[in-house]
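With the hints as constraints, model all of the structure from the sequences given.
Protein chains: 2
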Amino acid sequence: MREVGCPEEELFSFLSLSRQEDLGYQNILSSMCTPPHPVAARAHAMFLETNLGDPGLFPGTAALERLLVRRLGALMHLPEAGGYATSGGTESNIQAFRIAKKRKRTRSPNVVVPESGHFSFQKACDILGLEIRTVPLDAEFRMDVDAVDGLVDNNTIALVGVAGTTEYGVVDPITRLSEIALDREVFLHIDAAFGGMVVPFLDRPIPFDFRLPGVNSISIDPHKMGMSTIPAGCLLVRDPEYFSSLNVDTPYLTVKQEYTLAGTRPGASVAAAVAVLEYLGMDGMRAVVAGCMENARRLIEGMETLGYPRAVTPDVNVATFSCDRAPAGWRVSRTRAGDMRIICMPHVTRDVVEAFLGDMSDLDA
Amino acid sequence: MREVGCPEEELFSFLSLSRQEDLGYQNILSSMCTPPHPVAARAHAMFLETNLGDPGLFPGTAALERLLVRRLGALMHLPEAGGYATSGGTESNIQAFRIAKKRKRTRSPNVVVPESGHFSFQKACDILGLEIRTVPLDAEFRMDVDAVDGLVDNNTIALVGVAGTTEYGVVDPITRLSEIALDREVFLHIDAAFGGMVVPFLDRPIPFDFRLPGVNSISIDPHKMGMSTIPAGCLLVRDPEYFSSLNVDTPYLTVKQEYTLAGTRPGASVAAAVAVLEYLGMDGMRAVVAGCMENARRLIEGMETLGYPRAVTPDVNVATFSCDRAPAGWRVSRTRAGDMRIICMPHVTRDVVEAFLGDMSDLDA
Chain Y
5 MREVGCPEEE LFSFLSLSRQ EDLGYQNILS SMCTPPHPVA ARAHAMFLET
55 NLGDPGLFPG TAALERLLVR RLGALMHLPE AGGYATSGGT ESNIQAFRIA
105 KKRKRTRSPN VVVPESGHFS FQKACDILGL EIRTVPLDAE FRMDVDAVDG
155 LVDNNTIALV GVAGTTEYGV VDPITRLSEI ALDREVFLHI DAAFGGMVVP
205 FLDRPIPFDF RLPGVNSISI DPHKMGMSTI PAGCLLVRDP EYFSSLNVDT
255 PYLTVKQEYT LAGTRPGASV AAAVAVLEYL GMDGMRAVVA GCMENARRLI
305 EGMETLGYPR AVTPDVNVAT FSCDRAPAGW RVSRTRAGDM RIICMPHVTR
355 DVVEAFLGDM SDLDA
Chain S
5 MREVGCPEEE LFSFLSLSRQ EDLGYQNILS SMCTPPHPVA ARAHAMFLET
55 NLGDPGLFPG TAALERLLVR RLGALMHLPE AGGYATSGGT ESNIQAFRIA
105 KKRKRTRSPN VVVPESGHFS FQKACDILGL EIRTVPLDAE FRMDVDAVDG
155 LVDNNTIALV GVAGTTEYGV VDPITRLSEI ALDREVFLHI DAAFGGMVVP
205 FLDRPIPFDF RLPGVNSISI DPHKMGMSTI PAGCLLVRDP EYFSSLNVDT
255 PYLTVKQEYT LAGTRPGASV AAAVAVLEYL GMDGMRAVVA GCMENARRLI
305 EGMETLGYPR AVTPDVNVAT FSCDRAPAGW RVSRTRAGDM RIICMPHVTR
355 DVVEAFLGDM SDLDA
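Chains as they are written, first to last, in my numbering: chain Y, 5 to 369; chain S, 5 to 369.
No wet-lab data here; the hints were simulated from the structure.
Any given hint might turn out to be false.
Since copy identity is lost for identical chains, a pair holds within one copy or between any two.
When the alpha-carbon atoms are kept at most 25 Å apart in a straight line, the in silico SDA-like pairs for lysine to any residue are as follows [said to hold, decoys possible]: (1) K108 to A143; (2) K260 to G333; (3) K108 to G28; (4) K260 to R335; (5) K108 to I184; (6) K108 to E135; (7) K108 to V8; (8) K106 to I210; (9) K260 to D328; (10) K106 to A67; (11) K106 to L132; (12) K106 to D287; (13) K106 to N159; (14) K106 to V259.
Here is the structure:
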């Protein structure tokens, strides 16, 4: 550390230069995050000093966390679902597996996860000492549910389905997965970190949530399509009682027990997540999602006109292409198979899509 | 969710009312958090949309994270220490144990933790499947190092020492613990989540950091005495190579591998942590810590004058008393043994201490 402090002006010149080295979102086509909605930023600032790790000191903020859980629970067709605000999808997935592991004690626990599962499942399995069994995908990158039954055994503590896969933006056949979960009596966790804030707002929603009786828990991230600030994830569970197995005693706090992964937890991003949901409502979210889906369709159509076929028709606003190049100045990403991948987040407006297509077209000129 | 969105004014009236239900920090004497320093709040707002989970998109913010690690490494007497910004002490403790577990494969791993260890160690052990062996404390609530040797065996993957215990604010005899760790070849993790930003700024710092050759990793939280925004923790390790065992492949990101617990991670609170360190420098932090320590001394003196003896003379700004009541309007906390516990954070100014002592004195009137 420097011996003597830095004057505020000089410090903020330095920080401002650092910030300028970051890419602007206007050229980022590869991220599942987006600049926070203005009401998220405003609410975040209002709750900046709050700590949900000690809810008795911040009962107003704690009530907002309960409201967030209630709103997302209702969106997932179970208003009385249990839940809490996590740091994001990874924590939600770890905690879901932790619950599943407590509910079925076995010597060599395994989990059955589609090949399209996010890499956070590998982290979760590494941390919790779980064997990961991978389910192959069908031609459209959805989990091949026919392969599931053969992978499940007496040591299987959890099944995973994905609603809005990270790479190809498809939704697994979760109705069938729910049947298998009930039949084989296995805990079913749905990773809807991305799709949870997309699928319910589509013209024809695909079933993936608590309406399916086999679904036990859902991960859903307001800091992705919920346009909240980071970190704002949410783990929802069918029965709030699930969390009791994770409790540790918490002396010297205003609560006696805690089941969250983190201790100190920001209230600001939770208030931000609530603000966006309340401000937009179902209608507003439908409009945002409709815009993103329309832009994804336009992008796919434009790319195909240029001779770059889609890898698949996605269920959510993730577009992928057989295309091994990209114009300078744009950040796209690649799937493991090498396809170009673009997420049509709210900041990827129609103008951005057209500008990108124009630059793609110039590549050939 | 509501069908139609809520007008912005109405929304912020509601949020403002929620915020007013929270307690103000001016009456909170029980928290290890404090309102963020004004430069932290300003930096946080500037970096609100950044995501350290995809550092290639935010190279300026990622450089700030490296600067934070370098500054805190230097403060811990190892400028070349590895590290990253965590969500707080719990994640840091989990990740330290994860590293230790990878470094020593054994069938029934255990960790040796003082009875004063934070409850996050129980979480970490539950998650990672570790047996927790508790070291008793001496009369001044420091770990009884004589008991450590008998608890360590071939299955011990890590020892823990605490620099600034949560309940009584004391520093374990870490010099001796370091010798034991070297002698028994066990990974030594230091939980300095609170004390890491206090002890180095004391007139007579107590040794606890990488200067002691047995220390392998340190947890230190800028969102506690570093006056940053939440979430801002940091895990430091003696050798950056330690992290390689935690790597998972991260397709579709701008980096190829990731060893952090979370995926998406806020850059805002990291920029805030850097801002405070740069703005205050060593001199400024010494002044803040000197003020907190002075207020703790005054509080202890005042309470003893009122007939409430201290439980122990603390090493950091945590004051504890034999006192089973408290005046209305103040939030104090209790240790497991029932002692009153007050943390003299920066917001607990001399005026606050005097006001509290005045109210304590009126209890008898």
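Going down the list of hints, with the structure as the test:
no.	hint	result
1	K108 to A143	neither (33 Å within a copy, 42 Å between copies)
2	K260 to G333	between (52 Å within a copy, 21 Å between copies)
3	K108 to G28	neither (46 Å within a copy, 44 Å between copies)
4	K260 to R335	between (47 Å within a copy, 15 Å between copies)
5	K108 to I184	within (17 Å within a copy, 39 Å between copies)
6	K108 to E135	both (14 Å within a copy, 20 Å between copies)
7	K108 to V8	neither (57 Å within a copy, 42 Å between copies)
8	K106 to I210	neither (30 Å within a copy, 41 Å between copies)
9	K260 to D328	between (55 Å within a copy, 18 Å between copies)
10	K106 to A67	neither (28 Å within a copy, 40 Å between copies)
11	K106 to L132	both (11 Å within a copy, 13 Å between copies)
12	K106 to D287	neither (39 Å within a copy, 49 Å between copies)
13	K106 to N159	both (13 Å within a copy, 24 Å between copies)
14	K106 to V259	within (23 Å within a copy, 34 Å between copies)
When the structure is compared with the earlier hints, violations turn up for hints 1, 3, 7, 8, 10 and 12 and for no others.
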